[in-house]
Amino acid sequence: MSLLTVENLRTYYFTEKGSVKAVDGVSFSVEKGESLGIAGESGCGKSTVAFSIMRLIKGGRIVGGRITLDGTPLLNMPIRDFRRIRWERISLVSQAAMGALNPVYRIGDQIVEAITTHTKSKKREAWDRAEELLRQVGVDPSRAKNYPHELSGGMRQRAMIAMALALSPELVIADEPTTALDMVTQAQVLKLTRGLQEELNVSIIFISHDLSILGQACDRIIIMYAGKIMEMGDVQALFREPQHPYTKALLSSFPDIKSTKRTLTGLPGSPPDLIDPPSGCRFHPRCSQAQSICKVEEPTTIEVLPKHYVACHQVKGAS
Amino acid sequence: METVLKVVNLRKLFPAKKSSLFKRKRQFIHAVDDVSFDIKKGETFGIVGESGCGKTTLGRLILRLIEPTSGKIFFKDQDITSLNRAGMKRLRRQMQMIFQDPYSSLDPRKNILNIIAEPLQVHNIAKNGLIIKEKVQESLRLVELPTSENFLAKVPDELSGGERQRVGVARVLVLGAEFIVADEPVSMLDASVKAGVTSLLMGLKQKIGLTYIFITHEIGLAYYICGRIAVMYLGKIVELGKAEEIINEPLHPYTRLLMEATPPLHPDDKWGKKVLERGELPFSIEPPSGCRFHPRCTQVQSICEVEEPAMIEVMPKHYVACHYT
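The listed protein sequences correspond, in order, to chains A and B.
Its first residue numbered 0, the first sequence is counted upward by one per residue in numbering that gives the first Met the number 0.
Its first residue numbered 0, the second sequence is counted upward by one per residue in numbering that gives the first Met the number 0.
Quick caveat, the hints were computed from the structure, so don't treat them as lab data.
None of the values given here were measured: they were computed from a predicted structure.
Just so it is clear, CB atoms sit at the ideal spot from N, CA and C, and this is done for glycine as well.
There's no promise every hint is true.
Mimicking DSSO-like on lysine-lysine, the simulated pairs with C-alpha atoms at most 30 Å apart in a straight line are [what the hints assert, rightly or not]:
#, chain 1, residue 1, chain 2, residue 2
1, B, Lys269, B, Lys75
2, A, Lys260, B, Lys88
3, B, Lys316, B, Lys39
4, A, Lys260, B, Lys269
5, B, Lys204, A, Lys257
6, A, Lys16, A, Lys257
7, B, Lys71, A, Lys257
8, B, Lys316, A, Lys260
9, A, Lys16, B, Lys109
10, A, Lys247, B, Lys39
11, A, Lys260, B, Lys39
12, B, Lys71, B, Lys269
13, B, Lys109, B, Lys75
14, B, Lys153, B, Lys40
15, B, Lys109, B, Lys39
16, B, Lys109, A, Lys257
17, B, Lys39, A, Lys257
18, B, Lys126, A, Lys247
19, A, Lys260, B, Lys206
20, B, Lys5, A, Lys260
21, B, Lys109, B, Lys126
22, B, Lys153, A, Lys257
23, B, Lys88, B, Lys269
24, A, Lys260, B, Lys153
25, A, Lys294, A, Lys190
26, A, Lys260, B, Lys40
27, B, Lys75, A, Lys257
28, B, Lys269, A, Lys31
29, B, Lys40, B, Lys269
30, A, Lys247, B, Lys269
31, B, Lys153, A, Lys294
32, A, Lys190, B, Lys269
33, A, Lys190, A, Lys144
34, A, Lys306, B, Lys269
35, B, Lys206, B, Lys39
36, A, Lys16, B, Lys153
Part of the chain B face toward chain A, derived, beta carbon under 10 Å [unchecked claim]:
#, residue
37, Gly175
38, Glu177
39, Ser191
40, Ile218
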């Protein structure tokens, strides 16, 4: 059985201008010990998927769908019970490490608090565990006595990872965990995350706009566009034989240091307004292969190759 | 080819706060320290480095948006460090900057017409409304944006990030600028939009003969668009050469570290293995002694701690500042 399943998830935000269909019918699953990447540009709904799983949606609501963890439905669970799932079984590492840490508490105290609120551990034990966790993420345990502003960006992000792992969750959702970091620090944090994931056999949902990072950090990748999944497949297959025109365009917009120089092509236009999304396939206004059917009918997701799913009228499945 | 810009021993020190009441010694942040290079007409010169390496300060110094502590800057053989305000203002018609953040660099209360027309008024280039509008529309065409009345009346809030950055470019082109310092011009844009703006910038270079300094933290992006690349570390250029050479045969240990930290696009190509051990940028006001990279360097020898390496030409037009290259 999959660790986490998301079925037909729909999360909308409500604004004065209308409802923003940020996530509109998204289905996928996460296996035990797997690292799943969700890629897409800003506004594609990738972070909303993360917040929906954590039930942390603000200014909007999950209007439909089902999420289960080990078979247990999460969305209709009373919030008091769900708080035990949050951090204990599913934890979140967010983008802004400075904002996510409380500036007036020492790093160690914050990890201790996470542990003592959720378990019966004594403070002393929790502190030892905090130091152990910091050592695991490559931070000198004596840093537990420091305040967040005394740490560098990379160390703060490591401390966040330590906190996310404090209660030995089965699933860690990492939402752009390295975006604010420098190249070298980013590489270090990513390698650390990958190593810990394999060592602790924890599942990870890795959210990023940067495909090259996901290519190194994940086993499988989902490509999202305008609130929908366009393509989903094994990392090798997706990079080697991308099927969806959007995936192809996205891949061609990234420079590759291992290839010879070429022109970055990119895409015309910009992502659509999700209050009134395009009819049919949401990608059709920017798609170079769009046909008349793409404007009127939404493509269904088909399995074009084993475990490689695409939602596009122009891609013909093997079956 | 004609040299457009020449930078000689440029230095900028920012005074740091005194750490204690009794300490008399003043400390300085060495943001840009003894940097020299020159740029030929039509070049795209990349300045690459991590945050805090001084790349933005260098860009601002070149346009004299901030004053250098010492050193000289020559624009077309004219020493611009000695120019007065009026002289500098005249020169700015030719040298302009594109900023990183298209959200905060445009006045939110002005419409597109007025935003792009403003430089024309500041520099007294055109007063007649019709001529101004014509010039604005001309530069909008260059950046491939609509020129309709409807579009001219829009405010920045109504535009996407990519469109805003194009407006930022139009604003520079309307003056007829020929030398542009682009400071991370696409780093805040989405991947698909980023590539579009990047190729626009490159196309413009061909079309109207621009010269760029392209500042970025992404060495991969610099590789694709720049002819030459200067790699900066803690205020110093550590390596300078042709983009292909820097990428395919990085010589300075820091350039190699940056290359290892850059994920290749395809998962088949494995990422460097040594990145994990090299620590982070030192967090101190005064830079490390000797070679500034020595605390993070895997090839460090005793000389590196005491003596600063000079920039040497190790291959034709390929310069490296390292004792062991």
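Hint check results:
1. Distance restraint check for B:Lys269 and B:Lys75: the Cα-Cα separation of roughly 45 Å exceeds the 30 Å cut-off, and the hinted pair is therefore not satisfied.
2. Taken as a hint, the A:Lys260 and B:Lys88 pair is broken in the structure, with Cα atoms around 38 Å apart against an allowance of 30 Å.
3. With a CA separation close to 14 Å, the supplied pair B:Lys316 and B:Lys39 stays within the 30 Å bound.
4. Taking the CA atoms of A:Lys260 and B:Lys269, the gap is near 19 Å; set against the 30 Å cutoff, the hint holds.
5. A hinted pair counts as satisfied when its Cα atoms are at most 30 Å apart, and B:Lys204 with A:Lys257 qualifies at roughly 26 Å.
6. Our distance criterion of 30 Å between C-alpha atoms is broken by A:Lys16 and A:Lys257, whose separation comes to about 46 Å.
7. Proposed proximity of B:Lys71 and A:Lys257 is contradicted: the alpha carbons are some 38 Å apart, above 30 Å.
8. A threshold of 30 Å between alpha carbons decides the hint, and for B:Lys316 with A:Lys260 the separation of about 20 Å falls inside it, so the pair holds.
9. Simply put, A:Lys16 and B:Lys109 have alpha-carbon atoms about 23 Å apart, close enough for the 30 Å limit, and the pair holds.
10. For the given pair, A:Lys247 sits about 36 Å from B:Lys39 by alpha-carbon distance, which is inconsistent with the 30 Å threshold.
11. Distance hint between A:Lys260 and B:Lys39 is fulfilled; the C-alpha atoms sit about 21 Å from each other, no more than 30 Å.
12. At most 30 Å may separate the alpha-carbon atoms for a hinted pair to count; B:Lys71 and B:Lys269 exceed this at roughly 43 Å.
13. Restraint check: the Cα-Cα separation between B:Lys109 and B:Lys75 comes to about 35 Å, which exceeds 30 Å; the hinted pair is violated.
14. A hinted pair counts as satisfied when its Cα atoms are at most 30 Å apart, and B:Lys153 with B:Lys40 does not qualify at roughly 36 Å.
15. The straight-line distance between the Cα atoms of B:Lys109 and B:Lys39 is roughly 36 Å, outside the 30 Å bound, and the hint therefore fails.
16. As the CA atoms of B:Lys109 and A:Lys257 are separated by approximately 44 Å, the hinted pair breaks the 30 Å bound.
17. Restraint check for B:Lys39 and A:Lys257: satisfied, since their Cα atoms lie roughly 28 Å apart, inside the 30 Å limit.
18. Pair hint B:Lys126 plus A:Lys247 does not hold up; C-alpha atoms about 48 Å apart against a cutoff of 30 Å.
19. For the hint linking A:Lys260 to B:Lys206, the alpha-carbon distance of about 21 Å falls within 30 Å, and the restraint holds.
20. Between B:Lys5 and A:Lys260 the CA atoms are separated by roughly 27 Å; this keeps the pair inside 30 Å, and the hint holds.
21. Distance check on the hinted pair: B:Lys109 and B:Lys126 sit about 18 Å apart at the alpha-carbon level, within 30 Å; holds.
22. For the suggested pair B:Lys153 and A:Lys257, the alpha carbons sit about 42 Å apart, so the restraint of at most 30 Å is broken.
23. The suggested pairing of B:Lys88 with B:Lys269 is violated, with an alpha-carbon distance near 50 Å, which exceeds 30 Å.
24. Pair hint A:Lys260 plus B:Lys153 does not hold up; C-alpha atoms about 37 Å apart against a cutoff of 30 Å.
25. Annotation: proposed proximity of A:Lys294 to A:Lys190 is violated, straight-line Cα distance about 42 Å (limit 30 Å).
26. The straight-line distance between the Cα atoms of A:Lys260 and B:Lys40 is roughly 22 Å, inside the 30 Å bound, and the hint therefore holds.
27. Between B:Lys75 and A:Lys257 the alpha-carbon distance is near 37 Å, which puts this suggested pair outside the 30 Å criterion.
28. At roughly 24 Å between alpha-carbon atoms, B:Lys269 and A:Lys31 fall within 30 Å of each other, so this suggested pair holds.
29. For the hint pairing B:Lys40 with B:Lys269, the CA-to-CA distance comes to about 38 Å; that exceeds 30 Å, so the pair is violated.
30. Simply put, A:Lys247 and B:Lys269 have alpha-carbon atoms about 21 Å apart, close enough for the 30 Å limit, and the pair holds.
31. Taking the CA atoms of B:Lys153 and A:Lys294, the gap is about 28 Å. The hint holds against a cut of 30 Å.
32. Our distance criterion of 30 Å between C-alpha atoms is met by A:Lys190 and B:Lys269, whose separation comes to about 12 Å.
33. Distance hint between A:Lys190 and A:Lys144 is fulfilled; the C-alpha atoms sit about 25 Å from each other, no more than 30 Å.
34. Straight-line distance between C-alpha atoms of A:Lys306 and B:Lys269 comes to about 24 Å, which keeps the hinted pair within the 30 Å bound.
35. With a C-alpha separation of about 17 Å, the suggested pairing of B:Lys206 with B:Lys39 holds against the 30 Å cut-off.
36. Taking the CA atoms of A:Lys16 and B:Lys153, the gap is about 18 Å. The hint holds against a cut of 30 Å.
37. The criterion of a C-beta within 10 Å of any C-beta in chain A is not met by B:Gly175, whose closest approach is roughly 26 Å, and the hint is violated.
38. The interface hint given for B:Glu177 is violated, since its Cβ lies 23 Å from the closest Cβ of chain A, which is over the 10 Å cut-off.
39. Interface hint status for B:Ser191: upheld, as the beta-carbon distance to the closest one in chain A is roughly 4 Å, under 10 Å.
40. Annotation: interface hint on B:Ile218 holds; nearest CB of chain A at approximately 7 Å, less than 10 Å.
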